[in-house]
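Colleague: If you want the building blocks of each chain, they are given just below.
2 protein chains.
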Amino acid sequence: MLKVSAKDAIYIFEPEMSPAASVKPGEVFKVETSDCFCGQIKSEGTLCSEIDFDRINPATGPITIEEAEPGDTLAVEIIRMDLADHGVAVTVPGEGLLGDSVERPSTKIIPIRDGKCLFAGLSLPVKPMIGVIGVAPEEGAFPTGTPWSHGGNMDTKDIGPGATLYLPVRRPGALLAMGDCHAVMGDGEVCCSGCEVAATITLRTSLIKGSSRKWPILETSEGLSVIVSGENLDSALSEATSEAVDMLKAGLGLSWEDAYVLSSLAMDLRISQLVDPKKTVRGVIPIKVMSPSRLFGNLSYRGD
Amino acid sequence: MLKVSAKDAIYIFEPEMSPAASVKPGEVFKVETSDCFCGQIKSEGTLCSEIDFDRINPATGPITIEEAEPGDTLAVEIIRMDLADHGVAVTVPGEGLLGDSVERPSTKIIPIRDGKCLFAGLSLPVKPMIGVIGVAPEEGAFPTGTPWSHGGNMDTKDIGPGATLYLPVRRPGALLAMGDCHAVMGDGEVCCSGCEVAATITLRTSLIKGSSRKWPILETSEGLSVIVSGENLDSALSEATSEAVDMLKAGLGLSWEDAYVLSSLAMDLRISQLVDPKKTVRGVIPIKVMSPSRLFGNLSYRGD
Chain A
1 MLKVSAKDAI YIFEPEMSPA ASVKPGEVFK VETSDCFCGQ IKSEGTLCSE IDFDRINPAT
61 GPITIEEAEP GDTLAVEIIR MDLADHGVAV TVPGEGLLGD SVERPSTKII PIRDGKCLFA
121 GLSLPVKPMI GVIGVAPEEG AFPTGTPWSH GGNMDTKDIG PGATLYLPVR RPGALLAMGD
181 CHAVMGDGEV CCSGCEVAAT ITLRTSLIKG SSRKWPILET SEGLSVIVSG ENLDSALSEA
241 TSEAVDMLKA GLGLSWEDAY VLSSLAMDLR ISQLVDPKKT VRGVIPIKVM SPSRLFGNLS
301 YRGD
Chain R
1 MLKVSAKDAI YIFEPEMSPA ASVKPGEVFK VETSDCFCGQ IKSEGTLCSE IDFDRINPAT
61 GPITIEEAEP GDTLAVEIIR MDLADHGVAV TVPGEGLLGD SVERPSTKII PIRDGKCLFA
121 GLSLPVKPMI GVIGVAPEEG AFPTGTPWSH GGNMDTKDIG PGATLYLPVR RPGALLAMGD
181 CHAVMGDGEV CCSGCEVAAT ITLRTSLIKG SSRKWPILET SEGLSVIVSG ENLDSALSEA
241 TSEAVDMLKA GLGLSWEDAY VLSSLAMDLR ISQLVDPKKT VRGVIPIKVM SPSRLFGNLS
301 YRGD
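Protein sequences appear in the order of chains A and R. According to my numbering, the first sequence is numbered sequentially starting from 1. According to my numbering, the second sequence is numbered sequentially starting from 1.
Any given hint could turn out to be false.
[Claimed, not checked] Derived BS3-like pairs: lysine-lysine, alpha-carbon spacing no greater than 27 Å straight-line: (1) A:3 <-> A:24; (2) R:127 <-> A:249; (3) A:214 <-> A:288; (4) R:116 <-> R:127; (5) A:116 <-> R:249; (6) A:42 <-> A:3; (7) A:249 <-> R:116; (8) A:288 <-> R:127; (9) R:108 <-> R:42; (10) R:288 <-> R:127; (11) A:108 <-> R:288; (12) R:3 <-> R:42; (13) A:24 <-> A:209; (14) R:249 <-> A:127; (15) A:288 <-> R:116; (16) A:30 <-> A:7; (17) R:249 <-> R:209; (18) R:288 <-> A:116; (19) R:108 <-> R:7; (20) A:249 <-> R:108; (21) R:288 <-> A:127; (22) R:249 <-> R:214; (23) R:108 <-> A:288; (24) R:249 <-> A:108.
[Said to hold, decoys possible] Per the computed footprint, the stretches of chain A lying under chain R, defined by three or more beta-carbons under 8 Å from a beta-carbon of chain R, are: (25) 88-97; (26) 105-117.
[What the hints assert, rightly or not] Examples of chain A residues lying across from chain R (beta carbon under 10 Å, computed): (27) 102; (28) 120; (29) 121; (30) 157; (31) 185; (32) 190; (33) 193; (34) 234; (35) 258; (36) 261; (37) 289.
To be clear, the hints were calculated from the coordinates, so they are not data collected in a lab. The model shown is predicted, which means the values in this text are computed figures rather than measured ones. All residues carry an ideal CB built from backbone N, CA and C; glycine is no exception.
Using the sequences and the accompanying hints, generate a full structural model.
Modeller: In structure tokens:
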């Protein structure tokens with residue numbers, strides 16, 4: 001099985017990138033990822049001031065998906081995540097929602113044992129997620145720490161094993177890359193850090209031809225989420241609502257007005273992260289209200 | 001069993017209010033509530049322009065809780081909600097996150113049958129909730145449509161059967177009132193309306209002496225949520241994070257710094273509503289991370 005090495009990493013998503021590997025649709029493969037600090041933090045004595053910030057948020061790849069063409073949707077099924085035996089969390093003055101109250105940088109090494117993160121005397125159940133995942137944008141250069149419509153640093157805790165992420169293909173071969181895994185994180189990522197961890201991700205991709213949408217969409221057992229980033233929180237929330245209403249209108253054949261009311265009754269607007277250069281939210285439509293085949297039509301590869 | 005009539009309703013939460021009824025701590029009682037339109041919408045032909053907006057968001061009460069004194073916490077256990085056989089939803093130009101796209105007011109009557117809301121060809125499972133619930137504030141006059149630290153129009157979908165709401169007692173007798181029930185609503189209430197419904201609520205209150213906190217706190221099987229409203233979304237989110245960190249610090253005996261990191265790892269910041277005069281969010285701490293007895297100490301009335 002192909003395993004893409006964490007040594008092959010990018011720090012910018014841009015239209016032209018040299019592929020590190022190539023896979024066929026339907027092929028199962030592995031991707032090794034460094035933690036968001038590129039492994040620079042070795043102990044709690046490592047302070048943020050010692051870190052080379054040119055090596056933050058590495059994304060392993062890019063990986064060419066054969067046959068992927070602009071206008072397609074790339075379905076990325078996250079099969080499994082194997083985590084390192086410890087993670088890292090930091091606080092930094094000025095960073096996070098309460099950054100003004102942080103007096104000095106601090107680093108916490110968090111052991112991971114038997115599926116639990118051990119922190120502050122508590123055992124938090126591991127819930128692995130991928131913080132950075134995306135494809136080549138149509139234009140522009142997006143640092144891997146920034147989320148936008150190509151994906152990137154969406155820091156959405158539902159992007160984990162069992163979920164399928166639908167990304168809009170903008171460039172030939174899609175050019176998929178990912179990193180910044182967390183062993184556990186709450187919605188908001190309020191102190192600017194989850195439990196940052198190196199991981200090996202097992203994936204399978206599929207192509208839905210000619211069905212590209214504007215923003216990434218995530219399928220979980222719970223719901224179908226449109227993941228939207230904005231310059232500020234209010235603009236992200238309005239755009240997520242607008243996209244969710246359009247999805248309900250298109251997928252269920254509703255009037256815009258009925259889709260708007262339905263979104264108010266049944267869709268949850270949730271916060272993904274508040275601490276990256278853009279803010280990320282998601283509109284979660286229950287899977288019983290709308291399945292992905294309603295939206296994308298052709299999911300024949302998985303029998304829907 | 002005492003049943004407080006919906007005819008006894010307030011439209012403003014203020015320090016001095018004439019009680020409509022009185023209950024003892026531990027007593028089970030019922031509260032009848034009108035829908036948020038005070039039952040003025042009889043058919044889909046009723047437009048918002050015909051509604052008397054002086055009769056919006058009635059809250060049944062106020063109800064004196066015997067022995068309640070300023071500084072106590074009032075625990076309100078929501079035992080059961082019996083809903084009318086239909087609800088109402090509206091769209092209004094300029095209202096809600098996509099109000100600029102709403103061309104004309106519209107009214108939807110939503111039948112409720114066998115635990116489902118029937119709308120747009122879908123059957124949405126009923127998830128009853130109380131939109132407006134609060135006590136007398138220490139000072140000021142808060143219209144029932146406005147949420148703040150006394151409670152009020154928090155429009156938080158988790159305030160339903162099985163949940164316990166902890167409200168800060170600010171005035172003798174607490175003076176509890178409630179209304180604006182919804183049969184179903186998504187986080188955000190994006191079009192400005194849930195499935196608005198008349199209901200009869202069955203409740204039991206208890207007093208936790210001398211343990212008052214700043215904002216309402218909700219206990220569900222999932223978590224302990226601090227419910228915070230703000231002039232804008234960003235201020236509400238920062239305040240909710242600050243409160244949650246203080247709760248973790250006090251309840252678990254952590255340093256502020258560890259509590260901040262823990263909130264980033266384990267707390268979800270969620271949106272309650274974005275469409276009232278203030279915005280409401282909640283910081284949800286998993287119940288396995290912190291139980292209410294950690295926070296309030298004395299919950300002897302229920303054996304914790």
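Colleague: All the hints need checking, so say for each whether the structure fits it.
Modeller: To see whether the hints hold, each was checked on the structure:
no. : hint            : verdict
1   : A:3 <-> A:24    : 14 Å, holds
2   : R:127 <-> A:249 : 23 Å, holds
3   : A:214 <-> A:288 : 23 Å, holds
4   : R:116 <-> R:127 : 9 Å, holds
5   : A:116 <-> R:249 : 21 Å, holds
6   : A:42 <-> A:3    : 25 Å, holds
7   : A:249 <-> R:116 : 21 Å, holds
8   : A:288 <-> R:127 : 15 Å, holds
9   : R:108 <-> R:42  : 10 Å, holds
10  : R:288 <-> R:127 : 24 Å, holds
11  : A:108 <-> R:288 : 22 Å, holds
12  : R:3 <-> R:42    : 25 Å, holds
13  : A:24 <-> A:209  : 14 Å, holds
14  : R:249 <-> A:127 : 23 Å, holds
15  : A:288 <-> R:116 : 13 Å, holds
16  : A:30 <-> A:7    : 14 Å, holds
17  : R:249 <-> R:209 : 21 Å, holds
18  : R:288 <-> A:116 : 13 Å, holds
19  : R:108 <-> R:7   : 25 Å, holds
20  : A:249 <-> R:108 : 17 Å, holds
21  : R:288 <-> A:127 : 15 Å, holds
22  : R:249 <-> R:214 : 15 Å, holds
23  : R:108 <-> A:288 : 22 Å, holds
24  : R:249 <-> A:108 : 17 Å, holds
25  : 88-97           : holds (count 4)
26  : 105-117         : holds (count 3)
27  : 102             : 7 Å, holds
28  : 120             : 5 Å, holds
29  : 121             : 8 Å, holds
30  : 157             : 8 Å, holds
31  : 185             : 6 Å, holds
32  : 190             : 5 Å, holds
33  : 193             : 6 Å, holds
34  : 234             : 6 Å, holds
35  : 258             : 5 Å, holds
36  : 261             : 5 Å, holds
37  : 289             : 6 Å, holds
In this structure, every one of the numbered hints holds.
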